[in-house]
Amino acid sequence: MKQIILFDKVGAFAENKDIARDIRLQEIMPALTQGEEVILDFEKVGAATQSFIHALISDVLRNYGNDVLERISFKGCNETIRKIINIVVDYMQDGIGSENDADFD
Amino acid sequence: MKIHLPNSAFLGNIDPFLRGFDPSSPDFLEITANDKWISVHPLVLSMIAALGLTIKNPESIRCEKFEARSKHYLVRMGLFKILNVLSDINIVEHEAAGRFIPITRIRTSDELTKFITEMIPLLHLEAEQAKTIGYIVSELVRNVIEHAKAENGAFLCAQYYKKSNAIRIGIADTGVGIKTTINQSYSAETDLKAIQLALSPGITGTTRREGGTAQNAGAGLFFIKSIASVNRDFFVIYSGHGFYKLLKKPPSKRLHLNADPFKDRHSEEEDMPFWPGTLVGVDITLDQTEEFSLLLDAIRKTYSTAVRERKKARYKKARFI
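Quick mapping for you: the protein sequence lines, in order, are chains A and B. 581 is the number of the first residue of the first sequence in this note's numbering; add one for each residue after it. 148 is the number of the first residue of the second sequence in this note's numbering; add one for each residue after it.
Check before you lean on any hint, since a few could be wrong.
List of simulated lysine-lysine pairs, BS3-like, C-alpha gap at most 25 Å [claimed, not checked]:
1) 296/B with 340/B
2) 340/B with 589/A
3) 624/A with 278/B
Restraint ranges, calculated between C-beta atoms of paired labels, are given here [to be verified]:
4) 421/B with 676/A: 20 to 28 Å
5) 676/A with 403/B: 26 to 34 Å
6) 646/A with 410/B: 39 to 47 Å
7) 207/B with 588/A: 33 to 41 Å
8) 183/B with 659/A: 44 to 52 Å
Simulated from the structure, these hints should not be mistaken for lab results. Computed from a predicted model, the values in this text were never measured in an experiment. Every residue, glycine too, gets a C-beta built ideally from N, C-alpha and C.
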């Protein structure tokens, strides 16, 4: 189980897409490739842009398909961040296939 | 190039000011102003700063002696400083907190993150309002950093207006413009058509693939236009010869978003003087800021519908003979 604490990397406002890309490439993808489950912990993150969430997870969905949502959990998200994650999850699945909501802890 | 600062230029009445911009002789910039009073949207200042920084030789910027009583405002917003033009206007600088963000140049992703962390709190907004402003600034400036190929980066300034309880933000760049960016993947014939595509959810110049690339979805401008639309505020985008202005919506309880920006109440022009890059201006009236969360529900619905309709439009049809 790989737990990634977003606040430690981006602070209270998750908007830096370069950091999102680094998290995706250096932590999320390698963990999934090794068969691990991933928890993205948004505790203490007050806001996120759609661009940040897109850079964090869209390519994960594209590469692993929507079944990957059974191996990723989003923890400690406030209502706004939940909704932005669901927008990204929706349009990625609309683009690649069937529907599935993100799993929020 | 010639630009004249008028008596008044805000997003509602900015069109004549923009039409008066003369982009000829790009190695020279002449700035003149109304001699009684100058009251302008931050977009106007960001625009002049961006133009000024395209002039390699500072002596090729001719700025007339300003007479207007409100000339001190231009000094305070840092216009002459960023243009490297000497001004004989003396002011006593007050603490900026709570009122404005002077003209600021942002060139990198890290500079943007630092700016948002340090500058947005200076506006002393409530938490939800600060999130909305931070969101808008982040998405708009990142567009410049990632797509504009602007040598001088993004120029931004903002002003809080107590009377209307509104934040007005202007962002300018002198990069390649929206048409060049969008036409990496599409074939927009005009700047205005390119603006229409750029404002549509899920359209990005980086790919035609639904869902975008790993780094770009083509959603940023749609989100910003949606924020302005729901709050019944102005939103202006100007690139090349193309100009689009989202007009204020009449009060209505129905929260409805359009995927096609041309279906919104708007004005458009496709023969404005050529702006070498992109300008974006937005007003956010704070006491009518809709709950961001409700807005996201509407965005989710509109976005999904737009993607599905685009996919459906590409379906092959059965052949009946």
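Do the hints match the structure? See the list:
1. 296/B with 340/B: Within the cut-off at roughly 20 Å; holds.
2. 340/B with 589/A: Since the Cα atoms of residue 340/B and residue 589/A sit roughly 39 Å apart, the hinted pair is violated (cutoff 25 Å).
3. 624/A with 278/B: holds, 14 Å
4. 421/B with 676/A: 20 to 28 Å: violated, 40 Å
5. 676/A with 403/B: 26 to 34 Å: Taking Cβ atoms as reference, residue 676/A and residue 403/B lie about 28 Å apart, which means the hint holds.
6. 646/A with 410/B: 39 to 47 Å: Between residue 646/A and residue 410/B, where Cβ atoms are some 31 Å apart, the hint is violated.
7. 207/B with 588/A: 33 to 41 Å: violated, 49 Å
8. 183/B with 659/A: 44 to 52 Å: Given range 44 to 52 Å: holds, Cβ gap about 50 Å.
Hints 2, 4, 6 and 7 from the list above are not met by this structure, while the remaining hints are.
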